[in-house]
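Start from the sequences, fold in the hints, and give me the full structure.
The listed protein sequences derive, respectively, from chains X and V.
The UniProt record's numbering applies: residue 1 is where the first sequence begins, and numbers increase by one.
The UniProt record's numbering applies: residue 1 is where the second sequence begins, and numbers increase by one.
Note: identical chains are not told apart, hence a pair may lie in one copy or across any two.
With a straight-line Cα cutoff of 30 Å, these simulated DSS-like cross-link-like pairs (lysine-lysine) come out:
#1 Lys57 to Lys70
#2 Lys331 to Lys223
#3 Lys82 to Lys65
#4 Lys503 to Lys330
#5 Lys376 to Lys21
#6 Lys503 to Lys331
#7 Lys190 to Lys331
#8 Lys223 to Lys330
#9 Lys82 to Lys70
#10 Lys503 to Lys379
#11 Lys21 to Lys474
Think of the hints as simulated: they come from the structure by calculation, not from any bench.
In this text, all values refer to a predicted model and were calculated from it rather than measured experimentally.
There are 2 protein chains.
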Amino acid sequence: MTYRAPISDMLLSLNHGAGLKAALEAGHYGDFDADIAAAVLEEAGKFASDVLAPLNKVGDEHGIKLEDGKVTTAPGWPDAYKRWTEGGWNAVSGPEDFGGQGLPLAINAACTEIWSAANVAFGLCPLLTASAIEALDAHGSDELKTIYLEKLVSGEWTGTMQLTEPQAGSDVGALRTRAEKQADGTYRIKGTKIFITYGEHDMTDNIVHFVLARLPDAPAGTKGISLFLVPKFMVNADGSLGPRNDIYASGVEHKLGMHASPTCTMTMGDHGGAIGYLIGEENQGMRCMFTMMNQARLGVGLEGVGVADRAYQQALSYAQERRQGRAVGKKGDGSDAIFVHPDVKRMLMRMRAQTAAARTICYATAVAIDVSTRAKDPKVRAEAAARAALLTPMAKAYSTDIGNEVAYLGVQVHGGMGFIEETGAAQHYRDARITAIYEGTNGIQAIDLVTRKLAANGGASVWALLDELSATVKQVEASNDPAFGTTGTKLREALEALTRTSKWLLERVASAPNDALAGATPYLQQFGATLGGCLLASEALAAKAEGLGDAPRYVALARFFAENIAVQAGALERTVTESAESVAAADAALLGS
Amino acid sequence: MTYRAPISDMLLSLNHGAGLKAALEAGHYGDFDADIAAAVLEEAGKFASDVLAPLNKVGDEHGIKLEDGKVTTAPGWPDAYKRWTEGGWNAVSGPEDFGGQGLPLAINAACTEIWSAANVAFGLCPLLTASAIEALDAHGSDELKTIYLEKLVSGEWTGTMQLTEPQAGSDVGALRTRAEKQADGTYRIKGTKIFITYGEHDMTDNIVHFVLARLPDAPAGTKGISLFLVPKFMVNADGSLGPRNDIYASGVEHKLGMHASPTCTMTMGDHGGAIGYLIGEENQGMRCMFTMMNQARLGVGLEGVGVADRAYQQALSYAQERRQGRAVGKKGDGSDAIFVHPDVKRMLMRMRAQTAAARTICYATAVAIDVSTRAKDPKVRAEAAARAALLTPMAKAYSTDIGNEVAYLGVQVHGGMGFIEETGAAQHYRDARITAIYEGTNGIQAIDLVTRKLAANGGASVWALLDELSATVKQVEASNDPAFGTTGTKLREALEALTRTSKWLLERVASAPNDALAGATPYLQQFGATLGGCLLASEALAAKAEGLGDAPRYVALARFFAENIAVQAGALERTVTESAESVAAADAALLGS
Numbered sequence: 001m002t003y004r005a006p007i008s009d010m011l012l013s014l015n016h017g018a019g020l021k022a023a024l025e026a027g028h029y030g031d032f033d034a035d036i037a038a039a040v041l042e043e044a045g046k047f048a049s050d051v052l053a054p055l056n057k058v059g060d061e062h063g064i065k066l067e068d069g070k071v072t073t074a075p076g077w078p079d080a081y082k083r084w085t086e087g088g089w090n091a092v093s094g095p096e097d098f099g100g101q102g103l104p105l106a107i108n109a110a111c112t113e114i115w116s117a118a119n120v121a122f123g124l125c126p127l128l129t130a131s132a133i134e135a136l137d138a139h140g141s142d143e144l145k146t147i148y149l150e151k152l153v154s155g156e157w158t159g160t161m162q163l164t165e166p167q168a169g170s171d172v173g174a175l176r177t178r179a180e181k182q183a184d185g186t187y188r189i190k191g192t193k194i195f196i197t198y199g200e201h202d203m204t205d206n207i208v209h210f211v212l213a214r215l216p217d218a219p220a221g222t223k224g225i226s227l228f229l230v231p232k233f234m235v236n237a238d239g240s241l242g243p244r245n246d247i248y249a250s251g252v253e254h255k256l257g258m259h260a261s262p263t264c265t266m267t268m269g270d271h272g273g274a275i276g277y278l279i280g281e282e283n284q285g286m287r288c289m290f291t292m293m294n295q296a297r298l299g300v301g302l303e304g305v306g307v308a309d310r311a312y313q314q315a316l317s318y319a320q321e322r323r324q325g326r327a328v329g330k331k332g333d334g335s336d337a338i339f340v341h342p343d344v345k346r347m348l349m350r351m352r353a354q355t356a357a358a359r360t361i362c363y364a365t366a367v368a369i370d371v372s373t374r375a376k377d378p379k380v381r382a383e384a385a386a387r388a389a390l391l392t393p394m395a396k397a398y399s400t401d402i403g404n405e406v407a408y409l410g411v412q413v414h415g416g417m418g419f420i421e422e423t424g425a426a427q428h429y430r431d432a433r434i435t436a437i438y439e440g441t442n443g444i445q446a447i448d449l450v451t452r453k454l455a456a457n458g459g460a461s462v463w464a465l466l467d468e469l470s471a472t473v474k475q476v477e478a479s480n481d482p483a484f485g486t487t488g489t490k491l492r493e494a495l496e497a498l499t500r501t502s503k504w505l506l507e508r509v510a511s512a513p514n515d516a517l518a519g520a521t522p523y524l525q526q527f528g529a530t531l532g533g534c535l536l537a538s539e540a541l542a543a544k545a546e547g548l549g550d551a552p553r554y555v556a557l558a559r560f561f562a563e564n565i566a567v568q569a570g571a572l573e574r575t576v577t578e579s580a581e582s583v584a585a586a587d588a589a590l591l592g593s
Numbered sequence: 001m002t003y004r005a006p007i008s009d010m011l012l013s014l015n016h017g018a019g020l021k022a023a024l025e026a027g028h029y030g031d032f033d034a035d036i037a038a039a040v041l042e043e044a045g046k047f048a049s050d051v052l053a054p055l056n057k058v059g060d061e062h063g064i065k066l067e068d069g070k071v072t073t074a075p076g077w078p079d080a081y082k083r084w085t086e087g088g089w090n091a092v093s094g095p096e097d098f099g100g101q102g103l104p105l106a107i108n109a110a111c112t113e114i115w116s117a118a119n120v121a122f123g124l125c126p127l128l129t130a131s132a133i134e135a136l137d138a139h140g141s142d143e144l145k146t147i148y149l150e151k152l153v154s155g156e157w158t159g160t161m162q163l164t165e166p167q168a169g170s171d172v173g174a175l176r177t178r179a180e181k182q183a184d185g186t187y188r189i190k191g192t193k194i195f196i197t198y199g200e201h202d203m204t205d206n207i208v209h210f211v212l213a214r215l216p217d218a219p220a221g222t223k224g225i226s227l228f229l230v231p232k233f234m235v236n237a238d239g240s241l242g243p244r245n246d247i248y249a250s251g252v253e254h255k256l257g258m259h260a261s262p263t264c265t266m267t268m269g270d271h272g273g274a275i276g277y278l279i280g281e282e283n284q285g286m287r288c289m290f291t292m293m294n295q296a297r298l299g300v301g302l303e304g305v306g307v308a309d310r311a312y313q314q315a316l317s318y319a320q321e322r323r324q325g326r327a328v329g330k331k332g333d334g335s336d337a338i339f340v341h342p343d344v345k346r347m348l349m350r351m352r353a354q355t356a357a358a359r360t361i362c363y364a365t366a367v368a369i370d371v372s373t374r375a376k377d378p379k380v381r382a383e384a385a386a387r388a389a390l391l392t393p394m395a396k397a398y399s400t401d402i403g404n405e406v407a408y409l410g411v412q413v414h415g416g417m418g419f420i421e422e423t424g425a426a427q428h429y430r431d432a433r434i435t436a437i438y439e440g441t442n443g444i445q446a447i448d449l450v451t452r453k454l455a456a457n458g459g460a461s462v463w464a465l466l467d468e469l470s471a472t473v474k475q476v477e478a479s480n481d482p483a484f485g486t487t488g489t490k491l492r493e494a495l496e497a498l499t500r501t502s503k504w505l506l507e508r509v510a511s512a513p514n515d516a517l518a519g520a521t522p523y524l525q526q527f528g529a530t531l532g533g534c535l536l537a538s539e540a541l542a543a544k545a546e547g548l549g550d551a552p553r554y555v556a557l558a559r560f561f562a563e564n565i566a567v568q569a570g571a572l573e574r575t576v577t578e579s580a581e582s583v584a585a586a587d588a589a590l591l592g593s
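In C-alpha cells:
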C-alpha cells in the first residue's frame, strides 16, 4: 500500500504541540502564516505519494551497485531525484540569497517526515545536503558560497558529511585523515573515510563532500580537526565542471536496511590527494561540524517519525483487512477483522500514540531552532536556542527508539506475513534500525542530554520546559473532561518524577559522573515519555478549544499515551536514581574482574 | 566469532532456578543425576561450537533454493545434519522404546538453547521433528509408531507441522484442507498449506508431514479438524521407501531472517491427493496438535534464549575489543574499550540479565513438564502439569520478546558496524524476529495466560507459584547481603503488584472479557519481569549457599534485574488495571468511528 501524509495530524502537532502558532502570533516568522504551511504540506504529501513512495520497495530490492568507482542507484531513482529538484523540494528552507525559499525549518521538518515516510533511503540524501548547506552558509568563505551554495540549495549537486574512519566513530577526535596546505591556499587531503552516505551516486553531476581532516601540526583529539569542502569534480570559474578530484568510492556496505542508500568507503590520495578548501578556520572543524550535526540529528529523528508513521499506516490497513477469529461475544461462522481484538488495538494505539508524540517533539525542536534564529529579541533567541539544544537529543533518540519500536509492532500486527519480505513491514523494521545509531548513537544522545543540556545552565532549560508542561497538565485537570480518564493524574506524577530525577542527576553530573552516565538512557526515555505525554495533551486541549470534529480522537490518543506510556516515568525514575551501583557491577558480573 | 555454551550459567539455572535439583532429590528422575546433565551439556556445547555455529552465517548468506519441487539447503548443511543424527543429538529426550535416550526434557531444553544459539535456523528442524514425535507417540496407532517413530527419533527422517493456510493463521479453525476416507482406511488429502518449516529439504531421504485437515462431514471450526500423518515417500512393509506421495513444495518464502530454513508452501492434490493416515480420532486433531504445540512453544522460547545469548556473547566480545573514547577521569592520548562506558555496561547487563531470566523460565517449564510425566504421585503430577501450563506462554512470549530486545541491543553495542551484515549482529536481529510470531504470536500467548492459565482454576496455579517466589524474596531479605542492594524490596513490590493485578484480571475474565484481554500483553510482561527477577534471585542465593566462586556475579545479575527490570512491575500493573478504556477507545481514535 502507499503512504498518505497525515496532514491534519501534522498541522495540529505543528501549530499547537510544537508551538508554531504561538511563534507566528509573536511575530517571529514575519509574514509566513499557517495557511502557507498547510498548502506546502499538502503538496509535499502528493509528491511523496506519487513519486517517492512507489520507489521505496524498488530501492530496497535493487539496492545499489558499485562498479569502477561509480555507483548506480535503483531504477527510477535518478529520475525521481530530478523531479525532486525541479519541484523545488530541495530548497524549501534553504537560504533565500542562494535560491532557497527560506521557509521555516519547522515546515521543512514536517516535509522531512513526509519524505522519510514515503522513502527513507531517498530522503536521506537531501538531509545530508541540507546539513552541508548549513555548514557552508554559516562558516564558508564568500567565494565558496558563490560557487557551491546555489547548486546545493537547488539540489543540482548533493552534499556529504565525512567524519567516520575505522578507528573513529563516536570518538571523532581519533580521526587520522591528513590535510596539507598548498602554496595556492588549497589543501591536499589523504585518507580513508567509511560509512559515507551517498558518497557516490548517479543522481547528480557533482557531489560536494565535507570532510574532517587533521593538519600536520594539529593538536590531538577534537581540537585538531579542520573541515574541508572537497568537490567530486573541480569547478571552473564559469561554474562548469573541471577535472575529477582524487576522492573515490572504493567500497560500499552490505547493510541490514536502507539498501537504496549507498554507504561508501571513500578513498582520498591514490592520485596525489584530493583538493580541498578550508571551511571556517583551521582546527575549528568540530565547531563547524556541530552546526551540521544538530540539524542532521533532528533530521534523523524525523526519519524515525516517518518510518513509524509508514509502518503504522500499513499495520492499520492490514488490521482492517485481515480476518481471523471473532470479537468477544460474537458467535457463529465467519470471522472479524483482527482490529477487533483488544491486543491488536493496543498495538495500534501504541504505534499511533508514540508516533504522534515523537512527531511533536521533533517539530517543537524545529520551531525552537526557528525562533532562535528569527526572533528579534536577543533574550527570546537565547531562550529558544537553549530549548532547541535541550530538545535535540530527545528529538533524535526518543523518535528513533520509537521508529524501531513501532516498526517492530508493525511486523507483529502482520503476524507471519510480517516476516515475509514481500509484505513490506520488514523493510520498515530493517530501515529503522540505523536511525538509532547514526548521527550519534542514542546512547551518545542520552549522555549529551545529561552532561550538556541538563547540566549546562544548572538545569534552567529543563525547569523552564517543565513549567510549561505543568501548565498544560493544569489545563487537563481543569478541563474535567471524563474522556481524558486519568490523563491529568498520570502526567502530573510523571512530571514530578522527572523533576526529582533531573535534580538527582544534576547533583551528580560533576560529583559522581559515572552514576549520572549510568542513568542517561533511562533518563532520556523518562523525559521523552513525560514530554510526549504533555505535548499530546496540549494538542488534545487545542483540538477541543478549536472545536475540531476530530478532537475526541486526539483526547483518546493523549489518554492512551498518559495511561500506558507516561505511566512508566516512575519506574524509570527509580532506574535512574537507584540502579547506578548495579550498572557499575558490570565489571564483576560480566568480566569476572 | 563463534559461540561457547555458558555451561556453568546453564547448570545453575537448571539445578536451582528451574528446580531440577529438587526434582532429582524428590526422586522424579529415577537414576538420572546432575553429573550426567553436566556431561551432556558439555558435549552439546562442543558439537554446537564445532559443527553448527560455523554454518550459521553460511546458511544466512546462501539461504535455500527451490527447483522442480526440490529444496537445496546451504553448503555443509546436509553433512552437518548427518553428523547431528550420528551424534545421537536428535534422540536426546526421545522415547527409549523407539531408540531415544529418554533423557529429561529439561536436558533437551538446555540442548535446544545451545542449538539455537549456535544456529537457530538449523535447530528449528529437529524442534519440529520433536513435536511430531510427541504427537505420534501420544496419539498414533501402534502400526504407525512401528513404521515411523524410530526413524523420527533418530532423525533419519524429519517431521513437519502443517496447520497454517492463507485464511487460517492464528485462527486454525478456519482451515479448509480436505481429507476423504478411502476404502483401505487411509485418507486422501487435498489442499494448500503455507509457512511450512522444513516442508521440503535435502538433508534426509524422507519427511513425515503432520497435516491438519477437515473431513467432508466435519463440524465447523476447531471441532472439525483431524490430524494426519502424510509421508513424503510412502513406506513399504520392509521399511524401504515406496512411491512419492502427492505432497509437494510449490513455493518458498523470501524472509526477513532464518534464511537457511526453508519455509514452504505445500500443495496436496495435484495428482489425486496425498495419502494420509489418521492420528488419534477423527475430529480430535486439535487435541493432538496441542500436544505438539506446547513443547514447540517451549522450543521457540528457547530459540529466543539461544539467539539472545549468542547476541550477548558477540556484543560483549566487541565491547571489550572496540576502543572509542576514554573512561571518566582518564586523560591523555589513547582510548579505552567501550566496555568502560556506563551506557554500554547498562546495555550488556540488560542483555545478560534478561537472557538469564528467560533461560530459567524456559528450563523451569521443562522441569515442570518432566515432573508432570515422571512423578509417581498423581497429585504431584497434576500440580506440575498445572505449573507447566502456566509457565508455557511465558516461556514462549517473554523469552522471545527478550530474544528480540537483546538482539536489538546487540546491534546497538556494535554501533555503525551493527548495521553492516558482515558483522553478524544483524543476522541475530533478523532471525529473532519470527520467534515472537510463530507457534502462536506473543499476543496469543498473553491471551492464553490470562484466559486459560490464570483463570483455569480460579488462579490457584498463580497463587501457588507466587507463594514460592515470595519464599525466595524472604530469603533475599533475610540474607542481609549488601551486594543485593534493594533486590528484596524491589522484588517484594513486584510480587505484590503482580498479586493485585492477577486478582483484578481474574475478576474480569468472565465479566468484562475485553478489559481482561486489553491487559493481556502488559500482564505477561509484568509476570515475566517478576518471575524472572525472583528466579535469578533464587539462583544467586543458591550460588552463595553452595559457595560458588562465581556467586558475586550471580548476585550482581539478580540485583541488576530487580532494580532495572522488575521495577517496571508497578507501572505495568497500572497499565493493566487502569488503561482498558484507553484501549477500547481505539475505534474512535484510529478509525474515527
